[in-house]
Amino acid sequence: MAGTATTALQAHVSSTGLKKINHWIDKYPAEQKQSAVMSALMVLQEEHGYLTDEAMTALASYLDMAPIAVFEIANFYTMYERAPVGRHVISVCTNISCQLRDSAQIVKHLEKKLKVKAGETTADKRFTLRCVECLGACVNAPMMQIDKEYHEHLTPAVVDDVLDQYK
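At position 38 of the sequence shown (counting the first as 1) the number is 38 in our numbering, and the numbers step up by one without a gap.
It is possible that part of the hints are untrue.
[As the list claims (entries may be wrong)] DMTMM-like cross-link-like pairs, simulated, lysine to aspartate or glutamate; straight-line CA separation at most 25 Å: (1) K113 <-> E72; (2) K148 <-> D64; (3) K117 <-> D64; (4) K125 <-> D147; (5) K19 <-> E46; (6) K33 <-> E54; (7) K20 <-> D147; (8) K113 <-> E133; (9) K113 <-> D102; (10) K113 <-> D161; (11) K117 <-> E54; (12) K125 <-> D64; (13) K20 <-> D102; (14) K112 <-> E72; (15) K117 <-> D147.
[Claimed, not checked] Simulated restraints, written as ranges between beta carbons of each label pair: (16) Y50 <-> D102: 17 to 23 Å; (17) P29 <-> P156: 49 to 55 Å; (18) M42 <-> Q105: 28 to 34 Å; (19) E81 <-> K115: 43 to 49 Å; (20) T155 <-> T6: 47 to 53 Å.
Simulated from the structure, these hints should not be mistaken for laboratory data. Cβ coordinates follow ideal geometry from the N, Cα and C atoms, glycine included.
Produce the complete structure using the sequences and hints provided.
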């Protein structure tokens with residue numbers, strides 16, 4: 001089965017990606033290789049921009065996991081993309097601390113500036129805008145994350161300056 005699982009996964013990841021996945025697996029005892037699932041999902045996503053059902057099913061087989069367990073992880077965490085997204089993903093925190101500091105104004109400003117609604121991608125595929133729960137920077141609310149970078153103490157003018165950096 002191991003050979004079949006490897007072949008199935010190779011259809012969805014480069015040889016470099018497979019080496020990265022194996023690197024993460026090697027960090028755990030053999031009987032706990034499923035512990036590498038989150039890192040392995042990130043490797044798959046880095047290569048394709050999002051996670052397909054087929055790639056996750058192949059990964060589940062490779063890690064000796066039930067496919068539903070991998071799907072649950074991919075759907076629970078907001079860091080995993082389940083559909084194609086823009087080159088940059090803008091995640092605006094809309095939890096209570098940011099709400100109290102008018103994150104709704106930031107979302108409206110971004111929707112107007114980008115000409116999309118939250119959950120959509122711009123026509124040029126440059127940005128995907130989404131609203132998310134707490135990003136853990138409550139003290140600096142309102143805030144957003146673009147890709148892996150936090151931007152805090154937002155105003156519409158600050159948002160405009162930040163977006164200019166992502167051309």
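Taking the earlier hints as the rules, which of them does this structure contradict? 1, 2, 3, 11, 12, 13, 14, 16, 19
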